[in-house]
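Participant: Taken in sequence, the protein lines are chains X and P.
Just so we're aligned: 218 in my numbering is position 218 of the first sequence, and the numbers increase by one with no gaps anywhere.
If you want my numbering, it's the 1-based position in the second sequence plus 1000.
Do not rely on the hints blindly, as some may be mistaken.
List time: in silico EDC-like cross-link candidates among lysine to aspartate or glutamate, alpha-carbon distance up to 16 Å [what the hints assert, rightly or not]: (1) P:Lys1059 / P:Glu1082; (2) X:Lys203 / X:Asp168; (3) X:Lys203 / X:Asp96; (4) P:Lys1031 / X:Glu136; (5) P:Lys1063 / P:Asp1043; (6) P:Lys1031 / X:Glu162.
Derived from the structure by calculation, the hints contain no laboratory data.
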Amino acid sequence: MKPAAEAARLIAANIWCWGCLAIISIAALAAAPLWLLAGRLRGWSWARGVREGTWLYARLYLASISPFVRLDIRHAHRVADFAPAVWAVNHQSWLDLYLMSAQPVRNICILIRAWPFRRLFFFGPLMRLAGYVPTEGADFGGILEQCRREIADGAAILGYPEGTRSRDGSLGRFHSGLFKLAVELNRPVIPVVVRHSGRIIPKGSFIFRPGRIEISYEAPVEPGQFAGEALPHGGLRRCVRQDFQRVLHDVV
Amino acid sequence: MADAIWATVTQAMMEEFELEPAQMRPEARIKEDLGLDSLDVVDMVIVLESAFDFKIQDKAALKEIVTLSDVADFIAATIEAERGQAANG
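Generate the whole structure from the sequences, applying the supplied hints.
Facilitator: Rendered as structure tokens:
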């Protein structure tokens, strides 16, 4: 593509992707009270209503930016086949939060660091209402109890084991918390491998670059197979990380 | 003995927490420089107990540990104390 055409496409992509984000976000906020009330009439909790709405909002946004951001989704059926499960997702961009709607399960409980609850404009209160779990500085026993209730309610537990977004797309060190939860809950871990979201809009950048994101839902890893180890969650963590490394290196 | 303890500590830390050899500096702080969280620190104790084949009794003293060097010193002191106990009784 010629430089002028490439620049025009880049400008168009940014106007479109940011414009869609603004319009869909405002529309979602305006519709939220009615949506939540309708959910209550259907017997949903407030948290369930927010989660269902968030999934739909994210799905609409992904569909709206599809002229510039294409998605290549593999094995999404696994999240429903093995529900409720713990999803381990690698993290490169804020867009990753929207990518959670690229699969059919809507009742998702996200484990998030504490700062988004405080600093993100209207997302903070919504995340609280959705029952997402702040993990930073929190007591593990409390997190476990909340996740146990979520699993009993059929929710998927989604966490980012790297703890933060990667700046260069490389896979960071995995923290143990998510895997310790999976062991305690005795639920499988589904590695959700995301490639190239950091190329579309990397950490610290406000410029969308058109391209393709690949999401692969890998085979679930059962925590029971590490029961004989001194630290079962350590074995589970290493196994899941190897899956990420394999997929990130194999897929072109 | 100090060298052997250092080698075992760093090997165990690298294997369990996917750390790089370049990060294994005596002055490296466990939380700030190596990125271990509170759950990792609990795991670290179990890993070290397994690596040195003993039970750490003085869990309260672990709170004073800041750097990798502190870990090696703590292990050396624990081994020394165990030997003293064995010699006395």
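Participant: Now tell me, hint by hint, if it's right for this structure.
Facilitator: Results of checking the hints against the structure:
Between Lys1059 of chain P and Glu1082 of chain P, the direct Cα distance comes to roughly 15 Å. Compliance with the 16 Å bound is thereby established for this hinted pair. Distance hint between Lys203 of chain X and Asp168 of chain X is fulfilled; the C-alpha atoms sit about 9 Å from each other, no more than 16 Å. A threshold of 16 Å between alpha carbons decides the hint, and for Lys203 of chain X with Asp96 of chain X the separation of about 11 Å falls inside it, so the pair holds. Of the supplied pair hints, the one linking Lys1031 of chain P and Glu136 of chain X holds, its CA atoms being roughly 14 Å apart against a limit of 16 Å.
Taking the CA atoms of Lys1063 of chain P and Asp1043 of chain P, the gap is near 14 Å; set against the 16 Å cutoff, the hint holds. Restraint check for Lys1031 of chain P and Glu162 of chain X: the C-alpha separation of about 15 Å stays at or below 16 Å, so the hint holds.
The structure fails none of the hints (numbered hints given earlier).
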